[in-house]
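For this one, chain A is given, so just place chain B on it according to the hints.
So the sequences go chain by chain: A and B.
Letter by letter, the first sequence follows residues 312 to 720 of our numbering.
Letter by letter, the second sequence follows residues 343 to 582 of our numbering.
Don't take every hint at face value.
These stretches of chain A come out as covered by chain B in the derived footprint (C-beta under 8 Å, 3 or more residues) [what the hints assert, rightly or not]: (1) 319–329; (2) 653–663; (3) 707–718.
It should be emphasised that the hints constitute simulated quantities derived from the structure, not laboratory data.
Even glycine gets a Cβ: it sits at the ideal position worked out from N, Cα and C.
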Amino acid sequence: MQIKPILSALRRHKAGTFLIAMQIALTLAIVCNALFIIHQRIAHLSEPTGIDEPNIFVIKSEWVGHPDSARVDAMIREDLQVLRQVAGVQNVTPSNSYPLRGSGWDDSVKLKPDQLQDSSGATIYFADQNFIDTLGLKLIAGRNFRADEIGHMDMRYRLAPPVVIVTKALVQKLFPGEDAVGKTIYLIGGPGTIVGVVDLLQAQSVERWASDFAYRSVIIPERLNISLGSFYIVRAQPGQLDSAMHAAVKALFAQNPRRVINDDDGVLSFSDVRSRAYESDRGMAILMGVISVVLLAVTAAGIVGLTSFWVGQRRKQIGVRRALGATRRDILRYFMTENLLISSGGALFGVLLAIAMNLWMVTRFEMHRLSLTYLVIGAVMLLLLGQGAVLAPALRASRVPPVEATRSV
Amino acid sequence: MLKMTHLSKVYRTEVVETYALRDFNINVNEGEFVAVTGPSGSGKTTFLTIAGLLETFTGGQYHLDGVEVSNLNDNERSRIRNEKIGFIFQAFNLIPDLNVFDNVEVPLRYRGMKTAERKERIMNALERVGLASRAKHYPAELSGGQQQRVAIARALAGSPRLLLADEPTGNLDTQMARGVMELLEEIHREGATIVMVTHDPELAARAQRNVHIIDGQVVDLAEDPRFHHAVTSARAGSPA
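The shape of chain A in the complex, shown without the other chains (with noise of 0.2 Å):
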């Protein structure tokens, strides 16, 4: 190998070695962080809900006027019957929230009503006995609301249910190793008895402030009475989800036209609720793929450049290599092993330079360190980048004729 003179020619080149080095590890830094926050994002918008996505919609319906509460109460029932009859539909229940909606009812859960630091938050989820059929939550302990347990009240009504059902996480935090069936938890308006206890359910929000407590839930025995409208989550037959959906609306107009279901949110698919609660996640992995593809783009077309450039330069070198015994081969290998040099500098800066990026981006963002399998990725995916950049000049250079050597210019 070559690697001495080759490191003394670029003792005499210090500012273009210097400048494609520098280059070439601050995209490194750039691309290692890029790619480690759209892994991220990704694993996070791939979090399990805990239902049947596939078969499940949802209906936001809004009120015209402003019924009283035992008014809302009638009608949602009323809803809740129709929509059973509608073909396709499997089961149907009316809640305030779902999983991924980005809005709803997070609230405290303390283990003794005196207690002044709360034991955990929930997303609280208002439903009937129908919720866990059709979501298609696992029960794993206690048991499901039965139908006279389920009441209804409206926003002005203080939150103290006789009986709840949590999830296993919930339990996790509140009571672990334990049996929490039979157990008092508090919430913010007065004691309730656990009775039942769901394997998944994921908070209603997926934004960082919630994600201490996104798989903590409470399904409350309330229908909740809101005189601006109500949600129906419905779940659909296998394969009729489209018929279904398009049935149910028609369905709840027949029998009660004083309503607004919206053309853009009244009916949304499961997979339609995914796609908008993950939009920014994947929005900003789609910012920073495209921003490391861009980075890569300049880094290559730098190598490119300079090497091209190197290679004008050393015209009549080369040919005084090829005249001195040279073949093309040993060319192509010199301007290779050139910018293996190069970028083997570049990339060790470049890893180090990612580390203090991720340093302090965990103390400014609440970020996750960077694991070493990125720097490594990163670190040979910018020195395939710089051998694949470097080709083609140096294929070039390699056919520079030996004669060269003899001509003047």
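Chain B only, in chain A's frame:
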């Protein structure tokens, strides 16, 4: 050692064919010191580039050290250049980014020689040209004469069968030129075969034999009376 028979070199464009060498014949024996002379544009440099396998030829035959070279591929030509030929260029052609030691090392590296042997050959060659103490200097830190000595050391280090020199003193002043020429003569006395292209009658006179080229063909020196007279005068030691 070097034999060209009916050799031709034609440069073709879409509209014209130019013969740089035509029915060119030359035979250089082992241990000879031959000066190839001729006016500008006569084909001297074309002859040298073909002799040094830097360029291919159009027709005829060329045997170098017993090998017919016309059918060799690029790698084989590179190997022969590396192992059998030493080049001395008019413009020295040292690599400016490398110091003297590294410059002399260039052809040896392409031969895949071991480090210890390379080092020994480099230092011997540099001592031979009187520049061992300048091994760490860069070309820009040397005079023209010293640079040409480094180029000669580079050519000698590989122990070539044939030294090809293209106007080796063309870029040097008289004193430096004399030093370089004495060095070439000394190398020849030690048994090297040297073919030197020059248009300088005084240098040509110091070679054992002159081959004169006009219009791409070898001619009798007498056909160029002025040059013939200049060479004869130089040989006799009197001014032309």
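Quick rundown of the hints versus the structure:
1. 319–329: holds (count 4)
2. 653–663: Check failed, 0 qualifying residues.
3. 707–718: holds (count 5)
The structure is inconsistent with hint 2 alone, although it conforms to all the rest.
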